[in-house]
Every structure is written in structure tokens, then in C-alpha cells.
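Protein chains: 2
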Amino acid sequence: MKASQFFISTLKEAPADAEVVSHKLMMRAGMIKRLGAGIYNYMPMGLRVIRKVEAIIREEMNRAGAVELLMPVVQPAELWQETGRFQAYGPELMRVKDRHERDFVIQPTSEEVITDIARQELRSYKQLPKNFFHIQTKFRDERRPRFGVMRGREFTMKDAYSFDRDKEGALKSYQVMYDAYCRIFDRFGLQYRAVAADTGAIGGDASHEFQVIADTGEDALVYCPTSDYAANIELAEALSLLPQRAAPTQPMAKTPTPGKSTCADVAALLGLPLQQTVKSLVLATDEKNEAGDIVKSTVWLLLVRGDHDLNEVKAGKVAGLKAGWRFATVAEIEEHFGCKPGYLGPIKTIKPVQVIADRTVANMADFVCGANEADFHITGVNWGRDLPEPDVVADIRNVVVGDPSPDGKGSLAIQRGIEVGHVFYLGTKYSKAMSANYLDETGKPQPMEMGCYGIGVTRILGAAIEQNHDERGIIWPAAIAPFATVLCPIGYDRSAEVKAAADQLHDELLAAGVDVLLDDRGERPGAMFADWELVGVPLRVVISDRALKEGLLEVQGRRDAEASKVPVAEVVAQVKARLSV
Amino acid sequence: MKASQFFISTLKEAPADAEVVSHKLMMRAGMIKRLGAGIYNYMPMGLRVIRKVEAIIREEMNRAGAVELLMPVVQPAELWQETGRFQAYGPELMRVKDRHERDFVIQPTSEEVITDIARQELRSYKQLPKNFFHIQTKFRDERRPRFGVMRGREFTMKDAYSFDRDKEGALKSYQVMYDAYCRIFDRFGLQYRAVAADTGAIGGDASHEFQVIADTGEDALVYCPTSDYAANIELAEALSLLPQRAAPTQPMAKTPTPGKSTCADVAALLGLPLQQTVKSLVLATDEKNEAGDIVKSTVWLLLVRGDHDLNEVKAGKVAGLKAGWRFATVAEIEEHFGCKPGYLGPIKTIKPVQVIADRTVANMADFVCGANEADFHITGVNWGRDLPEPDVVADIRNVVVGDPSPDGKGSLAIQRGIEVGHVFYLGTKYSKAMSANYLDETGKPQPMEMGCYGIGVTRILGAAIEQNHDERGIIWPAAIAPFATVLCPIGYDRSAEVKAAADQLHDELLAAGVDVLLDDRGERPGAMFADWELVGVPLRVVISDRALKEGLLEVQGRRDAEASKVPVAEVVAQVKARLSV
Chain R
1 MKASQFFIST LKEAPADAEV VSHKLMMRAG MIKRLGAGIY NYMPMGLRVI RKVEAIIREE
61 MNRAGAVELL MPVVQPAELW QETGRFQAYG PELMRVKDRH ERDFVIQPTS EEVITDIARQ
121 ELRSYKQLPK NFFHIQTKFR DERRPRFGVM RGREFTMKDA YSFDRDKEGA LKSYQVMYDA
181 YCRIFDRFGL QYRAVAADTG AIGGDASHEF QVIADTGEDA LVYCPTSDYA ANIELAEALS
241 LLPQRAAPTQ PMAKTPTPGK STCADVAALL GLPLQQTVKS LVLATDEKNE AGDIVKSTVW
301 LLLVRGDHDL NEVKAGKVAG LKAGWRFATV AEIEEHFGCK PGYLGPIKTI KPVQVIADRT
361 VANMADFVCG ANEADFHITG VNWGRDLPEP DVVADIRNVV VGDPSPDGKG SLAIQRGIEV
421 GHVFYLGTKY SKAMSANYLD ETGKPQPMEM GCYGIGVTRI LGAAIEQNHD ERGIIWPAAI
481 APFATVLCPI GYDRSAEVKA AADQLHDELL AAGVDVLLDD RGERPGAMFA DWELVGVPLR
541 VVISDRALKE GLLEVQGRRD AEASKVPVAE VVAQVKARLS V
Chain A
1 MKASQFFIST LKEAPADAEV VSHKLMMRAG MIKRLGAGIY NYMPMGLRVI RKVEAIIREE
61 MNRAGAVELL MPVVQPAELW QETGRFQAYG PELMRVKDRH ERDFVIQPTS EEVITDIARQ
121 ELRSYKQLPK NFFHIQTKFR DERRPRFGVM RGREFTMKDA YSFDRDKEGA LKSYQVMYDA
181 YCRIFDRFGL QYRAVAADTG AIGGDASHEF QVIADTGEDA LVYCPTSDYA ANIELAEALS
241 LLPQRAAPTQ PMAKTPTPGK STCADVAALL GLPLQQTVKS LVLATDEKNE AGDIVKSTVW
301 LLLVRGDHDL NEVKAGKVAG LKAGWRFATV AEIEEHFGCK PGYLGPIKTI KPVQVIADRT
361 VANMADFVCG ANEADFHITG VNWGRDLPEP DVVADIRNVV VGDPSPDGKG SLAIQRGIEV
421 GHVFYLGTKY SKAMSANYLD ETGKPQPMEM GCYGIGVTRI LGAAIEQNHD ERGIIWPAAI
481 APFATVLCPI GYDRSAEVKA AADQLHDELL AAGVDVLLDD RGERPGAMFA DWELVGVPLR
541 VVISDRALKE GLLEVQGRRD AEASKVPVAE VVAQVKARLS V
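Each protein sequence line maps, in turn, to chains R and A. Take 1 as the starting number for the first sequence in the working numbering and just add one per residue. Take 1 as the starting number for the second sequence in the working numbering and just add one per residue.
Hints listed in this document are in silico derivations from the structure and should not be mistaken for laboratory results. Everything numeric in this text was worked out from a predicted model, so none of it was measured. Be careful, since some hints might not be right.
Copies of the same chain look alike in the list, so a pair counts if it works inside one copy or between any two.
[Stated by the list, open to error] Listed next, the in silico DSS-like pairs over lysine-lysine satisfying Cα-Cα at most 25 Å (straight line): (1) K172 / K2; (2) K130 / K432; (3) K260 / K348; (4) K12 / K24; (5) K12 / K130; (6) K126 / K444; (7) K351 / K340; (8) K33 / K130; (9) K254 / K348; (10) K126 / K12; (11) K130 / K2; (12) K33 / K429; (13) K33 / K432.
Hey, can you work out the whole structure from these sequences and the hints?
Structure below.
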């Protein structure tokens, strides 16, 4: 393609509302154009990337035996009412009424519609397994859309849904998708990690997030460099750092710690390691009657080591907290502990509380905790001697770098990542709610076992840029670059030789299957090079009179420090080799 | 592809709500599945057709120099308020509020958004002309969605928008699109006609509808078989059928016509040709004051020959009716004519009315019209002698078959058609409303001249089927068939020879670029053939032990009366030749 037939619109400065680098660079490179909060026009340069991302996804989904269909953007509310999600989804679900005042949603995802299709179309065990996918526009009315395409409201997603006879089959379908996702992300040319993720109410261990590695990512990915253990921070298991509890060596003693309400301050004041302190967090649970009124509240004291952080997802899995918890109010805290937050501890509470100790805390000896008296802590505290054993011992903290890997094969490391894909075993949640049954060999109806598998198509663009950029702009992997190669002739409109060489190379590269753009705009070299470095085209070929006289062209990869001179006749082969076309 | 990797779901009977043949066949062939009124899931078989239609459109749009982008489905109301369409569009425009109670629309079309992009991106005459297009989901909240994808609510449309410096440039861009559309519809393999269409308030002659010819079409297409004149019925010009008015030969006479209120009945009663009668239609226009109250109404009598029909679009172009008209009420009619409808005429009205005569009526002599007295008509009426000349003479009727072509090159014929594309010169309607200006050579801002160009992607499917089907099912043109060729092995699971031959032919055809499906489901021949005739695959190759023994396979086109036996080695070449691959 020639630039004159395309639309190129680059900016020197990013708009002020662009907060992250991918957003800034996509705006500057003319890939997206803001239409409203979290709603973007995909400009020609950006759309080319989307189409390449979609094509790779589509090919690998087909290869994995999934069948493409297309479900509507606007979906009747009735189906969403069958699963209860019309009410439960919250304000992110864009609801709309038609001219007859009937309720619809603008789809954020399509479990209901695909399950409706499946219950009509998949009647017999002979038709299973089946996996349907579509690539469609989604809408989520985010409270605070930001970061460009990373957290937009309207976006493109590939979502797939598998239907199986039983859990065993569903887990096979899950594995097929997991493998397909690995191929997809491999082909994107992105560094990524598939990490185990929480399965919530479904249970089981079949949920993986596909995370693009980037320092700017919102998610923490835990992995073991010496094994294949990988999980997101919500799920990654924290073992006890103390294999067993040591015997007490200190007497319990109340110590003044005026104004020192954090573990770090207390440790510093007392000259103790932070690892000797225990952090207190107070949660509450409510029992409600049938009318929804709270009839009883229970207060829970959660203890983690001073250098550790509470993991709220893990807390929610502790018996007694599974039905939902909240942080306790200051009034509840003062009522139970007789003390304001900052000096709380498990000893001598006014009213009884349920004590949940993290695995490490449960094995600590001679530890420091709040005295339940303002400006005082207690040192030399020991389980059994100074207070009863905790009511519950559980993994309730985030892992930290250096923790032992749960598989026993090394120490944990942590990276930042951007979630761009998710494979999830759904079980019978939707099929039971919507009576999506098949008939087994005996003619008996059985609920189909489902899985769902998403890839955020437009989000891939942002994640790829967060991972691959420098001070000059984007650095696209070749497979998803808007153009794989750009030809930059110097003096295209002045030199017949340059024009002829550029046109010929353009045609030869096209014929060789290289997605090439010839910049025939007649820009000055500096501006032209800056544009393509900003846009992030992986390979640039400069055609100039000077080099042509020696029979050479200059080929430079986007990450190369300098260009290499290549004989004209070898350029096509070298470009193909470098792009692996 | 093999059928076992795909999803095939055919029905013996169409659902009761499917009214037209294309809707019935798409449902039966498993191409679409109803989700709600006018909202369909595109099942795998239907999506394949959509993708082929889209690919052809995309290729030809690119070839014509248009640049693809993607504008959002959910669009902020602000832009639609700038052009006044947020209010003016009526209930077909699906309006929605986000969580912050801000107004949005679900796009039915994208003039506002593209003009917003253009006013930001196209600043200089040097950037013009430019043509942007996208292929995107649209929503129109039709009052009565029906006919499947022909009048759905959610549908896919390709819409393109051109921007030019001046009208001359815009008309050039228009012609480029017109030509591209011809290539697109040629490639679809559909019989179509581009007909001139009304331009409404814009004026000018640059509006063409691309109509797929089908007896079941809603639109009447007027054309001259011996010239290139073609227009839709709203626009097609009706010349006077009487070159000049004959001299009166009869006296005017009131004649009893009891109960005969139609021209046909009157002509039959009086033994006169219908062409001797004149039909009266009464319209009214209202003048309003600034508060919107009607301050004055005017009554208009429109006269067309008894065998002709009023053309409401043409009536709306008559001076005095341009600002909008309505049919008169019975009360207004009785007040002005002293008579109920059915016996009205231009002679002796009680109150004065404005008389608009069709061109033919204006040249009639000795004609018959109502007497403005119930159960009476007048014969032998002559302009000038019995009543004043009409206030206005204008083309206000639909043309009929056999009318002289306006270009003087023959007689008009009429076909039925389904509108699937439209090219339209917009002028500066949107650019002026939204201040979309470019700077000319002198630095002066000028409004861009625009055109818009739509193709109903999903509607193409319905139109293609209305045109191409028989009692057994759909007959797709090869270019847009879900599969171009189907291989039907008899006993794929029983005969190793059949399986080997089918597998090999499948691979060879794929390698030759033929979009082939191998039906490996193991269905009985009758059911298998019926499925593919219903789905409408253009070419079928039957592989059977019996024919293989003679070294032959049976090749049959969907329209062929019978199969021809082809030597195995020649099948690939013959399939390619028949599909023009």
C-alpha cells in the first residue's frame, strides 16, 4: 500500500487526558481517536492492528475446533433475567428500552445468549462436545473509564463457550482452549504468562488468566522461576514461613508506643524486626432475616505478619466469611476492642471476636501486637501461654517475593501483568439456570458442562504497547504491526531512480507476502522517520540516491541501533527472513 | 473443512413467523436464529456468507481508494444534537442513558461521527478528497421488524463517507463509489439495477439505489430496456401521454352513477375507457404561527387519470406542498366540496381549492370526473370551456409500464427490487451543521462537500435468496455461498475407497483455492443431498463406490437437472472452471 492511499495522522503531543504510555502513543500514532469517555474511533492505523489480532485469534480458534458465529450486540433482557444477571450485574451493564418499553442490554458478554442457542441446538450427547465463539463489540459502562483501550467502555472481545457432557469433557475442552491461547499469544509475539486464577463460587482449579508482562500492569503475577508454578496474586498460595512454632523466650509485656499505629513504626520504635510484629484487621459478617434486615453481626480479627498484606479474596474463602464480609465500622471496633484502630490485638478484647491467624502468624512466638489500649502494644506474646490458640488458621495473606513456591520447587517471584485473556471452567452454572440439557445415551436429560474463554481484542493493542515501546514510540511485534515494513524513499518526488527503486521494491515485497507500506508523501526524512518510529513499524527500508549509487539500501529494525546496508537484490530476502514471512 | 468440525442445523419446516421465502430458507438452512424481534444470531452457516460479502465489499472499497476505520456502536448524543437528528430521527433511533444519565444513541448510521472526525483531521485542501468507510453493527428500532434480515433491527452495514473541496469533486467521488458498487454487485453474482432515486431536500441528481432484482421486492424499479434510463418509482418521470389537448367534442353532462365511487366502476357503468376518467385526491397544507398553532389551512385538489396513481413524493415537490402536506380530513372535504369522497371533481366546489393537474390530465378532453354531488359524475368535461385551466400542471403520478421513457429512447418497463445499496450526494448538509471546514489555498475556511454510500451487508443475504431459490432451497451465487463446493461421499464411514477418494479430493480442492466442505457426517444420501440443496451450495460432488469403480465422480451444479460423470483426475479442474476460481 502507498501512504497516499492511506490515512496517517500523527501528533507531537498526546492529549492531556492520556495517562498511560499506551494511551498516549496510540493517540499520537493516530491509532485511536476519542469519541466519548471510554469510547474510541479506531482510526485506519489502529484498525489494521485489530484486524491482524482478530485474524490470528480466528485461525487458532478454528484450528482448535471452535466454530464461529455472531451473537447480537443488543440482547433481550429476558435471557439475562433467567440467570438473574439482569439485576445482579450492576451499573456496568448498559440497559436500554426499545420503543415498546421492552428491556434490552448492550452485551458485555454472551453466556446467556449462547446457552439459549445451546439448549435449542444441542439436544443429544452425540452433538457434544461443541465450542462456539464470536468476535463482537462489547459494552461495559465502567464507572471510571481510563487508560485508553485498556479500560474502555466499548471494546471488541473474542468470547468462546464450550459445551460438554461432563466435567471430564469440559476440562478437556478447557485444555484445548488453554493450548490454543498459548499459540495465539505466541503468534502475537508478546511476552505473556498464563497464571492460575481464582474460580470464585464455582470452585475447582480451572481458571487461568493470560497476562501480558508489563511493568505498568495492574495485576501482580506470581511465579516460580524454577518450576511451572504461576498464579495471580489473589490465588497464589502462601505457605507458612515458619515450619513450626518456637517455644516462648520472653515474658509478655505492655509497652508504650505513643502515636505509633503501624507495625513499621512500632518495630522501629522498639528496635525489633518488622517480622516480629503482627497486624490486626477487623472484618464483620452479618446474618439477615428473610426480610433482609440484619439480625446479628459477628466481628472477626484477622492477623497477618507485620510485613504482610491481607489477601481479601483468600479471606473470603475462610469458613464463616464465604457468604460475604465487610470491614468492621469504627463503632464496632471500639465496641469489641475498647480501643481505636492502630493498637488492636487478640488479647483482652471486651467482647469476644473470632480470631483468624495467617499460617505464618500461627507459628510465631514472642510476637508484638496491639494492646487494645491507645498508644500501647504488647511484646513477647505467645499462643497458648498468653492467649488461646486462634479460632482459625488459614492462608489469608498475599505472597511476597522470595516466599517458598507452593510446589516446593523454589522461591516465588512477582511480575506485573495486564490481563488480556481468561479461560474459565463454568460448570453447570448457566446450563442449570437456563435448563440447557442434553439427552444422554439413556435418554435422560443432563445439564451441559460449560467453559468460557475470552480475549480482549482491543485491549491487546494497549498491552502490546505497554510491553513494547521506547522514547520514540511503539515497537510492534511483526505479526500485529499495522504494517510489517515501511519503505522510506528520500526524494520520491524528485529522483526518478529513487521512485523506481521504491516502487519496484514495494511491488516485490507485496508479491512476497510482506505487508509493506511505501511512504510516498514526500515528507522530509526526519519527519518521515519519526512518524514510523512513533507508529512502531518493525522494519524500515530507506531508499536514497546516495546508497543506490552503491547498489545498496538501508534496512533497520525498529530496535536496531543503526541501519545495515543491504545489496538491492538481497533486500526482499532479508526482509522476509527478519519478519519470518 | 469437514462437516464434523462445523455446525450444521437444518429444519424441515420454517417457523410460523417467517413470512417471506428468504426468511424461511435462512431459518431452515440454519443460517440465522431468532433472538428477539428483528434481532438474529448469525449461525456459523450464515456468518460464512456475511464474511464473504464483507470481504468483497472491503476489497472493492480499498481498490476505490476508500480507507477503512471503525466507528463505535454507542455514540454520544451531543454530536447528534449538533445536527438536530437526536430529536428529529424519531423512535427508530435507539436512545440510551449511561450510568451518569448522559444520552447516547446506538448508531443507525454515522454521518455525525465521521463529520466530527473530518472536522478535526481534514484541515487543508491538500488532504482532500478523502473517503472513509467502516463495516459495523447498526441498530434501527423498526416499528414492525419483519422478513428476517430484510427488515431487522440489528444489522451489519458498510457505510462510507466522502469529503471533497467542492461539488465537482464530490460528484467525482460519487462516481468512483458508483463504479465500485457496480463491481461489488457484479462480484456478488447477483442481478441488480442501479436506479436514480429522489434526493429529497438536498436536490441535484446524485442519488442512486442499488436494487437486487426480485419479484418479491418491495420497490418498483422503472427502466427503459432500450436505453440506460433507470429510476425508482418515486423519481421516474411521467411524461404526458397526450402530446396536446384535443378540442372538445362532447357537451358537459351530469350523469347518475349511484354507488359508483371509483373511476373503474364509473367507466364500467358508462361504458367508457378508464383512460377517459379523472381521479380526484384532496390534500391539505397548514400554515403555523411561531407558537406552532395552525393559523390557516389550504385545500388542494390533485387530479390524475383514472388508471393512474398519485405519486406522493412527486406531489411533495409541487410549489406550495414542499413544506409538507397531509391528506384532507372528511370534514375539510365536505366543507370545500359539499360532497363526500367518491364523487369529487374540480367543477363547482363550494369553497375555492387549488387544482393541481397531472401532465396527462391537463391535456385530456371530454373527460369524466365527480360532480361534487353524491352518486353523480360529469361527462364531457373540458378545460377552459367548463372550468378554468388548472392552477398547476405537474408530474404527480407514478409511471406505468409502457409509458414513454423520459429520455425519448423507448418505453418504460418495471421490475421489482430489493434495495441493498445507496450512493448519495450529501452536499454540505452535515459539514455546515457541524462546521466541518477545510482551509482552501487562500487560507479561507470552506465547508467540505460530502457524499454517503451504504450497503446493507446482512440484507444482501435475504435479497440474494429472494432472487435465487427454488422449491428445494437456496441457490447461492458461488462468490457468496457458505461453501462453494460440497463433497458428498456415500458410505464415508463404511468404504475405505470412498473415504480415501473424498479425503484426497477435499485436500486437492482446498489446495486449489476452492472453499470446499466434506460432509463426513455419515448421513443417508437423501438426507445429505436435501441438506445441501436447502443450504444452497452451488456445486456438489458425489463420491460413491459404484462410480469410483468406473473411475468417475458425479458433479452436479445446484441448478443442473442432473449430475455429470467426471473422471476422478479431472474433477478439480472442472470444479475450478465451473466456479471460475
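Hints, one by one, checked against the model:
When the C-alpha separation of K172 and K2 is checked against a cutoff of 25 Å, the pair qualifies only between copies, where the shortest distance is 21 Å, while the shortest distance within a copy is 47 Å. Proximity of K130 to K432 under the C-alpha cut-off of 25 Å is restricted to the intra-copy arrangement: shortest distance 18 Å within a copy versus 53 Å between copies. For the homomeric pair K260 and K348, the shortest alpha-carbon distance inside one copy (20 Å) is at most 25 Å, but the shortest distance between copies (105 Å) is not. For the homomeric pair K12 and K24, the shortest alpha-carbon distance inside one copy (10 Å) is at most 25 Å, but the shortest distance between copies (56 Å) is not.
Taking CA atoms no more than 25 Å apart as the test, K12 paired with K130 passes between copies only; the shortest distance there is 23 Å, against 49 Å inside one copy. Taking the shortest Cα distances, K126 and K444 sit within 25 Å of each other inside one copy (13 Å), while across copies they are farther apart (71 Å). Proximity of K351 to K340 under the C-alpha cut-off of 25 Å is restricted to the intra-copy arrangement: shortest distance 14 Å within a copy versus 92 Å between copies. In the homo-oligomer, the alpha carbons of K33 and K130 lie at most 25 Å apart only across protomers (17 Å), although the nearest pairing inside one protomer, at 38 Å, exceeds that limit.
For the homomeric pair K254 and K348, the shortest alpha-carbon distance inside one copy (12 Å) is at most 25 Å, but the shortest distance between copies (115 Å) is not. In this homomeric assembly, K126 and K12 come within 25 Å of each other (Cα to Cα) only across copies, at 20 Å, whereas the closest approach inside a single copy is 60 Å. In this homomeric assembly, K130 and K2 come within 25 Å of each other (Cα to Cα) only across copies, at 14 Å, whereas the closest approach inside a single copy is 43 Å. Within a single copy, K33 and K429 get their C-alpha atoms only as close as 39 Å, which misses the 25 Å cut-off; across copies the closest is 24 Å, which meets it.
Taking identical chains as interchangeable, the C-alpha atoms of K33 and K432 lie at most 25 Å apart only when they sit on different chains, with a minimum of 22 Å there against 43 Å within one chain.
Going through the hint list in order, the structure satisfies each hint without exception.
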